[in-house]
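Turn these sequences into a full structure, and let the hints guide you.
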Amino acid sequence: MKFLCVPCDRVMAFAERHVPDDGTLTVVFGCPGCGREMALLANPYESQLVRSLGVKVGGRTVPEQPMELMRGSLEGGRPEAFNDSTPLAREDAASRGPGPVWSPGALERLERVPSFVRGMVKRIYVDWARQHGISEFTPEVMDRARSELGLEGM
Amino acid sequence: MRRIRTYKDVAAEAGAAVVTIPGQVMAQRERLARRLADIGAVAAIASGKGGVGKSALTANLAVSLGAHGLRVGALDSDLNGPSLARMLGVVGARFTAGENGMIPPMGSGGIRVVSMELFQDGADDPLRWRGPKGESWAWRGVIETGTIRELLSDVAWGKLDVLFVDVAPGTDRIARLLDLVPDPAALLLVTTPSAMARRVVARSLRLAREARVRRIGLVENMTTWACPGCGALTELYESSEPQLASREIECWAEVPFDPRLARSTDEGTPFVLAYPDAPAARAITALATRLRRELHL
Ligand SMILES: Nc1ncnc2c1ncn2[C@@H]1O[C@H](COP(=O)(O)OP(=O)(O)OP(=O)(O)O)[C@@H](O)[C@H]1O
Ligand SMILES: [Mg+2]
Ligand SMILES: [Zn+2]
Numbered sequence: 001m002k003f004l005c006v007p008c009d010r011v012m013a014f015a016e017r018h019v020p021d022d023g024t025l026t027v028v029f030g031c032p033g034c035g036r037e038m039a040l041l042a043n044p045y046e047s048q049l050v051r052s053l054g055v056k057v058g059g060r061t062v063p064e065q066p067m068e069l070m071r072g073s074l075e076g077g078r079p080e081a082f083n084d085s086t087p088l089a090r091e092d093a094a095s096r097g098p099g100p101v102w103s104p105g106a107l108e109r110l111e112r113v114p115s116f117v118r119g120m121v122k123r124i125y126v127d128w129a130r131q132h133g134i135s136e137f138t139p140e141v142m143d144r145a146r147s148e149l150g151l152e153g154m
Numbered sequence: 001m002r003r004i005r006t007y008k009d010v011a012a013e014a015g016a017a018v019v020t021i022p023g024q025v026m027a028q029r030e031r032l033a034r035r036l037a038d039i040g041a042v043a044a045i046a047s048g049k050g051g052v053g054k055s056a057l058t059a060n061l062a063v064s065l066g067a068h069g070l071r072v073g074a075l076d077s078d079l080n081g082p083s084l085a086r087m088l089g090v091v092g093a094r095f096t097a098g099e100n101g102m103i104p105p106m107g108s109g110g111i112r113v114v115s116m117e118l119f120q121d122g123a124d125d126p127l128r129w130r131g132p133k134g135e136s137w138a139w140r141g142v143i144e145t146g147t148i149r150e151l152l153s154d155v156a157w158g159k160l161d162v163l164f165v166d167v168a169p170g171t172d173r174i175a176r177l178l179d180l181v182p183d184p185a186a187l188l189l190v191t192t193p194s195a196m197a198r199r200v201v202a203r204s205l206r207l208a209r210e211a212r213v214r215r216i217g218l219v220e221n222m223t224t225w226a227c228p229g230c231g232a233l234t235e236l237y238e239s240s241e242p243q244l245a246s247r248e249i250e251c252w253a254e255v256p257f258d259p260r261l262a263r264s265t266d267e268g269t270p271f272v273l274a275y276p277d278a279p280a281a282r283a284i285t286a287l288a289t290r291l292r293r294e295l296h297l
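Sequences listed follow chains A and B, in order.
Going by this note's numbering, the first sequence opens with residue 1, and the numbers climb by one from there.
Going by this note's numbering, the second sequence opens with residue 1, and the numbers climb by one from there.
It should be emphasised that the hints constitute simulated quantities derived from the structure, not laboratory data.
Hints should not be assumed to be uniformly reliable.
[Stated by the list, open to error] To give an idea of the chain A side of the interface with chain B (calculated C-beta under 10 Å), a few residues:
1. L4
2. V11
3. G35
4. R36
5. A39
6. L40
7. R51
8. L53
9. R60
10. E64
11. E68
12. G76
13. F82
14. V113
15. F116
16. G119
[Said to hold, decoys possible] Simulated restraints, written as ranges between beta carbons of each label pair:
17. B/E210 <-> A/Q131: 43 to 49 Å
18. A/L49 <-> B/D277: 38 to 44 Å
19. B/G23 <-> A/G35: 23 to 29 Å
20. A/L49 <-> B/R212: 28 to 34 Å
21. B/D266 <-> A/N83: 54 to 60 Å
22. A/P63 <-> B/D125: 51 to 57 Å
23. A/E75 <-> B/E238: 31 to 37 Å
24. B/S136 <-> A/D21: 15 to 21 Å
25. A/D21 <-> B/R3: 19 to 25 Å
26. B/P228 <-> A/P63: 37 to 43 Å
27. A/P32 <-> B/R3: 17 to 23 Å
28. A/T26 <-> B/R3: 28 to 34 Å
[As the list claims (entries may be wrong)] Okay, the calculated bits of chain B under chain A, using three or more residues with CB under 8 Å as the criterion:
29. 96-106
30. 128-135
Every residue gets a Cβ at the ideal spot worked out from N, C-alpha and C, and that includes glycine.
Right under this line is the structure:
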């Protein structure tokens, strides 16, 4: 899927992505020629079709985690299936070295992610923070990461 | 009419490749290919028909080859009707994060086992995916094939001599596996001597031949039954359907019916270890030997 700016005859470039909590997907593209922007609005079915392929419209910015599609899609995942699903506070204290610090609000939000995927989601956030030189996670920073990464429901 | 450049016209335009969907799908394929490169042989166990003993044979064959000192893995690609976690005794076990993917638990006989059951919370939960309610048929198969891809590529199988893949019933499931693993070292087609089973397996055979699968062997399961009183063998089915073996597929094994096989295997104790001298166990051990020869293991 590509968007062509017809007047300029140029392929539009991915600009940003939003994943509202209602299952829809919004992806903004801009024309490198005239600067005009347009947003692709996908309904929940269309969003799901793309998501099921394990791909992200507009591309990925952090590498795929192992079993990302399955772990992010399964309903009723077993909390103990992966040994990376240990209680967060403890894990965070232990690994508080090079990674970003989590504010209490951010930790609380992470705790709400089902433990089956929490370890994976956390690693995705941390990879993203490293890429962006971010040293502290707050709920606001998480919002930014979440929409940049296209993490639906995570 | 205006001429507007097509997708293919612009596909190669600079800067686009890394972020495209085909580019991401290609990256997934490469990841899978890299993983398969560490696996000596993929042996798929399929039928097309349900309930003919694919999973029980997979578990027992895996253990049998493991007992020969080979490094063996078993992937339960039957996501909706998983059995291998139970049959290989890993229910409740966990995956550990490795440098190179998720390290699967080790089951009976040292077999590395991956099955959907290991990821599901409730023992009786049907497989459910998050997504918009209704019309799930449109994406469900896609997620499930993607999941099998991940279970192949994102699992740190380590160096394996052979990876068994237990394929769900339905000839379409064989086709899907061949999309992911186009060139398995061997395909075992399991049938019972019933007319219905043979007809379905004949379709699977046609499919596998068209896909040019290198080695295809037939396994006739539940052929005879030994009377517990006198030991006399009785045919379990009276089939008028011609033997598949006569239709250009070689029969690699005939495995008799033995209630102990069902009991011990379903409880997670491999039958071939528990009753090595039973005729059914001997037949499976002989099949394992045949497979080793076919695969030069
Ligand atoms: N030779 C045999 N003798 C006795 N029991 C058997 C034999 N082969 C398989 N069984 C038992 O029959 C039942 C069905 O076998 P199994 O689950 O392996 O079939 P399947 O082909 O994998 O089924 P599905 O298509 O549902 O995946 C199991 O309880 C299994 O232990
Ligand atoms: Mg089965
Ligand atoms: Zn333009």
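Hint check results:
no., hint, in the structure
1, L4, "6 Å, holds"
2, V11, "5 Å, holds"
3, G35, "17 Å, violated"
4, R36, "16 Å, violated"
5, A39, "17 Å, violated"
6, L40, "13 Å, violated"
7, R51, "8 Å, holds"
8, L53, "6 Å, holds"
9, R60, "7 Å, holds"
10, E64, "8 Å, holds"
11, E68, "7 Å, holds"
12, G76, "5 Å, holds"
13, F82, "5 Å, holds"
14, V113, "13 Å, violated"
15, F116, "7 Å, holds"
16, G119, "8 Å, holds"
17, B/E210 <-> A/Q131: 43 to 49 Å, "46 Å, holds"
18, A/L49 <-> B/D277: 38 to 44 Å, "54 Å, violated"
19, B/G23 <-> A/G35: 23 to 29 Å, "25 Å, holds"
20, A/L49 <-> B/R212: 28 to 34 Å, "31 Å, holds"
21, B/D266 <-> A/N83: 54 to 60 Å, "28 Å, violated"
22, A/P63 <-> B/D125: 51 to 57 Å, "30 Å, violated"
23, A/E75 <-> B/E238: 31 to 37 Å, "45 Å, violated"
24, B/S136 <-> A/D21: 15 to 21 Å, "20 Å, holds"
25, A/D21 <-> B/R3: 19 to 25 Å, "42 Å, violated"
26, B/P228 <-> A/P63: 37 to 43 Å, "58 Å, violated"
27, A/P32 <-> B/R3: 17 to 23 Å, "21 Å, holds"
28, A/T26 <-> B/R3: 28 to 34 Å, "31 Å, holds"
29, 96-106, "holds (count 4)"
30, 128-135, "holds (count 6)"
Hints 3, 4, 5, 6, 14, 18, 21, 22, 23, 25 and 26 from the earlier list are contradicted by this structure; the remaining hints agree with it.
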